[in-house]
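Join these two chains into a complex; the hints should help.
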Amino acid sequence: MTTTLRREQSTLGASALTLEERDSPSPLLREVDEAKIDLRVAVHDASRIEWTVAVPLPRTRELRYAIDVELEIPANVFARHTAWDQLQSWARLDGPTGVVDASDSVTIDALRRGTMVAAHKLGRAHEGFARHCLLAGALSASTPLEDLIDKLDVWLAVATATTQEARARLVTGAPSDTAELRRERQLVDEYVSIRLLDTLAGDERALSTLKASRHAERHARTIVAAEAMLAEALAAETAYRQGRGYLCAEPWSQVTLEHYLERASQLKKHFQEVFFLEARTYQVAERIHHWVAAFVAIVASTWAFVWQITVMNRPTTGSKVSSGIILVATIAGVIYAGKDRIKEIGRNWISGNVHRFYAQRVAHWRAPARRLGGDVVASARESFDQTVTSRPDPLNPASNAAVTSTVVHYTHRGRVTPQPALLASGVCRVKHIFRYDLSPLFARLDDTVKQVPVLDSVTNRVRFVDAPRRYRVPIRLHVKCGAESRLVKAMLVLHKNGLDRIEDQSAAGEALEPEVPS
Amino acid sequence: MASPRLSGAAFLAGAALAAVISGGLVEERLSAGSLHVGAVVNALVTLASILTLALLGRRVPLGPGVVVPQVAGAAVGVLLVHVALRRGWITGAPWLAERPAQLVNDAVAVFATLIVVWACVNRRDLRLLVAALAIALLYRATGRFWHLDAAPLGFLVTVQDLVVAQFVCAALALPLYDWMTRDDLAGWG
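Protein chains in written order, with the working numbering: chain A, 1 to 518; chain B, 519 to 707.
Note that these hints are calculated values from the structure, not bench results.
A quick note: this is a predicted structure, and the numbers were derived from the prediction, not measured.
Backbone N, C-alpha and C fix where the C-beta goes; we use that ideal spot for every residue, glycine too.
Hints may be right or wrong, so weigh each one.
DEER-style ranges, computed between Cβ atoms [unchecked claim]:
1. A:R80 x B:N640: 33 to 41 Å
2. A:P440 x B:P579: 38 to 46 Å
3. A:D446 x B:R700: 39 to 47 Å
4. B:L562 x A:R80: 41 to 49 Å
5. A:R341 x B:V586: 49 to 57 Å
Some chain B residues flagged as far from chain A (calculated, every beta-carbon gap over 10 Å) [said to hold, decoys possible]:
6. F529
7. A561
8. A572
9. T609
10. L614
11. P618
12. N640
13. W664
14. V686
For reference, chain B alone in the conformation it holds in the complex (with noise of 0.2 Å):
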């Protein structure tokens, strides 16, 4: 059972991720798809998966407790970062339109992050990866179809292109992090 500590903890965390990749996307497409913008926010964003992946490596059975807050606290994070868009806080391309299908991509950025992250908490889960990866190619086959940003030049990356991106680079990343810190540390020093 997670202490509340524990789930306030998770909560923030989720909030956290939330924001940076939300964040991200946004940043990417105001900068109409910048190959050096995607690779900084994915940079950010798997520093921020570590970070989430470090809070609960180490402390936690995987469970409601942890789980449930850190999904809310992910959705409170996208809402927060496309309310700020839709009232112009976030500016920069006016050509930008802010539809509720923009919702879909953070929510699949997000969620296939975390699935990873529980993933590797649950001492690197095949199913969830396997869950996490279903999610991102059903994303992929189907994103194309139902929301496209349009910029004057077009799109080096698309929105797409950076969810199922990042998502393999977080698969890739926080299990060699979680290799590289999880087992014994009797060698270290």
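Just chain A, same shape as in the assembly (with noise of 0.2 Å):
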């Protein structure tokens, strides 16, 4: 196995993700295409679903896209909830390439960046391996024995030589290193090192699904081997650790756990942040309201105006002053009493009607001042609305019963601008990122465990058995990009604790791929 390894060591690369393409026709071996769109949908935690869509960096032209979300939620799990609130949205550059470039002004940037690159490997060594464990479980599979471990050995061969060529292009400090940059230096290390036991975590979790699998008796010697592949990987990587002095996992601690947890959480975001676009967002009704406030006072002024010269040209000097008088107070008590509703009203119709004519929100995301002095790269016009439908009760369509729902529909129309010196650097892509909080629709569910009755073959009487009580969201993604366009349709499974897990609608428990709409 361990030859297997070294020996493939040579021909990593570009060229390893594709090994397996050209056996397969299935979407789930497709090769990314930097250069496309990119979509998911999933389950982020117990609360929270995410989408995430990659939209290319143009090389010449501005390129315009648009992204539509919409989660059709049934009448009796829906609860009122403001849509802004529960909306979480970043926007990061994306890219295979970036490393540490001669012409980076900032060689601490230069270097985080190419601690994300090399994340980004590991995260595809990751997806390789799970993938060929996906495939070789699957019901159809009919993969050679041998074939397999050596792409598990491959794939586990990338995860190795990308950290230690990480280590030495990043890591391997230069005499004239300042105290930041040697400082910085040990950051990649111990972040490689947590990203590397990541992607060990993750393929066991995969190893675990083909051992679930009803082929995991005819791959029970490659599992056991894959299994000894990455135990040794994780002890050679803890073993490094502890040499280098980082915080390990113990499992006997809990503190030790949490501490452990937050420190990835940490290097996580301290590291991502390179990649993070800076976000300038406002609510457009915010923004318009004191115009339409100011249009209101315009309109009452002049009817006012008008109303005043007539009055004022009665006969008499009594009659103009007195009656101005009663008209000022009038029309200040008309006001005043109907001030609130004046309001509400003019709240209801912004916030109802300001996505027509323009959006709700309107975000720029600008590269950081550092990096390309702050020039922006993606704008975007956002706007939700709530719709309620009805359609045909699907136990009896043909019966006029009817079943509604609420669409909760996210609209995105975003533009992105060509940035040459991001393009050279390596970036191809914006990659935007949301996260929708569904926790108050919790309350409304039924608890997470029914008793279903059925009858005991052995004592022949009723009992009760828990069962699981869920309920479904329907969620559709549409992205469309220039002349590409996909869409995502999938099924939310939620209870009371939470979100349980994300479907596919066409095919329940694989992964979601997009498809090209006919």
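Here's what the structure looks like:
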């Protein structure tokens, strides 16, 4: 095994990603094209779903794109909430290259970018490992036994070689390094180590999936061998961490585990920050409501002016003055009595209609000032809309019975501007990350477990068994970018305690991949 | 304590508001009291008042650092318009007699409006609103005794009518704008 691993190290790189693609037409094995859009929907944590959309960075002309997300929440699940309060969004640069470059003026930034590239490669190595496990465990799988162990070996070699390369290029310092740079190199080393451990952990999970498949027995020896390889790599990395004095995850100490996770999170944020774009957003309604209020005030003023002049042109001075006072008092009284209503109507109208004419929120994402002088890389107009829809009851569509649901529709109309400097440094896409918190819905849901009566075949009596109570929310993510259009349809499964999983509507259990709409 | 930048902004806003009001009164006199001109002038004055209120509204506790420069700016704005009129830079009505009394019209219109602005800045201070109302009523009751323009066919809307009407409209529009924008904005958008 080790021999194979060492042998394959010399052929690592992009070619390794395509070893299997020609063997199977499965969309799961498609090669990631960095110049095309990429979209995913996933459960981020117990309460938030995440959708990510990567759009290519154009070379010459501005590129326009559109993102539409629909959550169709059944009426019995829906709870009123303010969509903007539930949404978090970020944008970051995305690309496979961009390692330390002699032209980089900020060396620490260049180190961080190089680290993110290494992290990206580790992620790809894990994806490759997991894909092969998934394929080998699929119902129609017929992977030769020797092929599988070789390929798992290759992906593991990719991970370890990437780590070694990152350490050689980014961690090994020069005598002229400043104290800050030495500190940064140490952080790079620690973060690469954590990412390698994450990769190994992910590979182990992928093997568990294979073990749970119906082909587990056939691949038993491969699984054992791969687990041994993973254990060997894990032991080596753990020893390396101990030798360098890095925090290690001690299984018997909750405090250490907590600190380990916290440290990993800090490191991740530290390095990812170099790719994140600085967002400037504003709510259009908040911007224009001053102008709407001014418009209303001017209309009222003009109306009052004409009325006032009419009253003043009455014959006697006494009537002019008294009428003027009465007029002021009357108008002021009417406005005071109705001011809350006026304000409410105005607010509702603006918030309900502004997106029809323009957008509810406008966002601009700028490159970090230290990198590109703060140029706007992408900008977008965003809106949320909620509509109630009624569909025929699927139990008996012909019966005229209907089920209602609330469709939360998020629209994002954006454009990406060409950035030659970013392209030259290897950035090829702008990745938008959205997380939507669905926790307001949980309070409406029934208990996670319900009791279902069944007939006990042994005692021939009724007994109750626990049954999971789940709810389903259809999700559609549609992205259009130039002539390219992608659609993901998914089913979000949730329960009282949070989000459970997300399923492709066409093939439950498979990872979500985009399809080209007909 | 207002910053020099804010005091400067208050000065400029006062001058601009006064120029709009005073220029509007001149235009109204030149048009011999046209109702259409009066309506347009009133709308412009309302907009200028709202902009002045918006500039001050969320930024200051009202104090000498704001009021004094604003009054000074308003005085400069009024004087600029009248200097232009006296020097003949603004022409069009040979019968128009520019006298010192004209300054009173402008002063009442400008400062009554400014007091309404300050009342709104000061969370719709009723005392200031009453003071502005008293100034306008006193002016309305006495104005015809000390100044009247004479146009060949008479005025449909006299300067005094316009000043009082503008004050009434400002006293209506500014609190309305303030009501619509001051309270919590959580519901917007």
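Consistency of the hints with the structure:
1. A:R80 x B:N640: 33 to 41 Å: Hint holds: Cβ distance 37 Å, inside 33 to 41 Å.
2. A:P440 x B:P579: 38 to 46 Å: 39 Å, holds
3. A:D446 x B:R700: 39 to 47 Å: Taking Cβ atoms as reference, D446 (chain A) and R700 (chain B) lie about 44 Å apart, which means the hint holds.
4. B:L562 x A:R80: 41 to 49 Å: 43 Å, holds
5. A:R341 x B:V586: 49 to 57 Å: 39 Å, violated
6. F529: 22 Å, holds
7. A561: Given a closest Cβ separation of 5 Å, the condition is violated.
8. A572: 6 Å, violated
9. T609: For T609 (chain B), whose nearest Cβ neighbour in chain A is about 26 Å away, the distance exceeds 10 Å, so it holds.
10. L614: 21 Å, holds
11. P618: 25 Å, holds
12. N640: At roughly 17 Å from the nearest Cβ of chain A, N640 (chain B) sits farther out than 10 Å, so the non-interface label holds.
13. W664: 15 Å, holds
14. V686: Violated, since 5 Å does not exceed 10 Å.
Checked against the numbered hints listed earlier, the structure breaks hints 5, 7, 8 and 14; every other hint is satisfied.
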